[in-house]
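Peer 1: Here are the chains, one letter per residue:
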Amino acid sequence: NAGVTQTPKFQVLKTGQSMTLQCAQDMNHEYMSWYRQDPGMGLRLIHYSVGAGITDQGEVPNGYNVSRSTTEDFPLRLLSAAPSQTSVYFCASSFQDTSGNTIYFGEGSWLTVV
Amino acid sequence: QQPVQSPQAVILREGEDAVINCSSSKALYSVHWYRQKHGEAPVFLMILLKGGEQKGHEKISASFNEKKQQSSLYLTASQLSYSGTYFCGTGLRSNDYKLSFGAGTTVTVRA
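Line order of the protein sequences matches chains S and R. Residue numbering for the first sequence follows my numbering, starting at 3 and increasing by one per position. Residue numbering for the second sequence follows my numbering, starting at 27 and increasing by one per position.
What the hints contain is simulated information worked out from the structure, not anything from laboratory work. Please note: incorrect hints may appear among the correct ones.
Taking lysine-lysine pairs in the DSSO-like style, the calculated list, with each CA pair at most 27 angstroms apart, reads [as the list claims (entries may be wrong)]:
{"id": "1", "chain 1": "S", "residue 1": "LYS11", "chain 2": "R", "residue 2": "LYS124"}
{"id": "2", "chain 1": "R", "residue 1": "LYS85", "chain 2": "R", "residue 2": "LYS63"}
{"id": "3", "chain 1": "S", "residue 1": "LYS11", "chain 2": "R", "residue 2": "LYS63"}
{"id": "4", "chain 1": "R", "residue 1": "LYS63", "chain 2": "R", "residue 2": "LYS124"}
{"id": "5", "chain 1": "R", "residue 1": "LYS124", "chain 2": "R", "residue 2": "LYS52"}
{"id": "6", "chain 1": "R", "residue 1": "LYS94", "chain 2": "R", "residue 2": "LYS76"}
Please model the complete structure; the sequences and the hints are all you need to start from.
Peer 2: Next comes the structure, spelled out in structure tokens:
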């Protein structure tokens, strides 16, 4: 019963380096998203996808790329890391039913850019 | 635009009650409540929909005032396990997967 799985859990990058945060879900959810969480600012949406092959920007997309080639996977790429991207990143998936859409979060990835 | 949560923090003794508010400047369809323990992922508590009923989960319940675009989360007879940061997320439409989250309310329950 894995749910939403993110890797790595911790990462330190140097300014200018690139990396990919991996996210996979095994619940067959259509909708997946990436949030970043900074102190005092709650969760902010970076990118989201409503299905395989479809992605769109959220509130804070600059410096990040995503792709959705399968229902299960939704990787987040940092193109050229900057100290401002130091944050905790959460991947999430959700589905819609008569009760609304429940979002399931992964355990988070702590990223430090030095 | 992110919803506004109040208070920012609250300290309780076991057995005490607390209310957390979430307000939006936009007309809302749904309000979602999550709790996050330190170093962990946010965990879903409940959803309130426009036209729906007040919800409850053990001794945690919530209401949604559609006219005021405001939701309140009620912690009743608090337990140590209620400690954490509570977030509200708001949706504008029935098929809206995108939520805007408030900055959170940190609840500390002491013995």
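Peer 1: Confirm or reject each hint.
Peer 2: Now the hints, each set against the structure:
1. Only pairs whose Cα atoms come within 27 angstroms are accepted, and LYS11 (chain S) paired with LYS124 (chain R) is accepted, the gap being roughly 24 angstroms.
2. The suggested pairing of LYS85 (chain R) with LYS63 (chain R) holds, with an alpha-carbon distance near 18 angstroms, which does not exceed 27 angstroms.
3. The hinted pair formed by LYS11 (chain S) and LYS63 (chain R) meets the criterion: a straight-line CA distance of about 16 angstroms does not exceed 27 angstroms.
4. Restraint check: the Cα-Cα separation between LYS63 (chain R) and LYS124 (chain R) comes to about 23 angstroms, which is no more than 27 angstroms; the hinted pair holds.
5. Under the criterion of a C-alpha separation no larger than 27 angstroms, the hint pairing LYS124 (chain R) with LYS52 (chain R) is consistent with the structure, at around 14 angstroms.
6. The suggested pairing of LYS94 (chain R) with LYS76 (chain R) holds, with an alpha-carbon distance near 12 angstroms, which does not exceed 27 angstroms.
Hint compliance for this structure: every hint is met.
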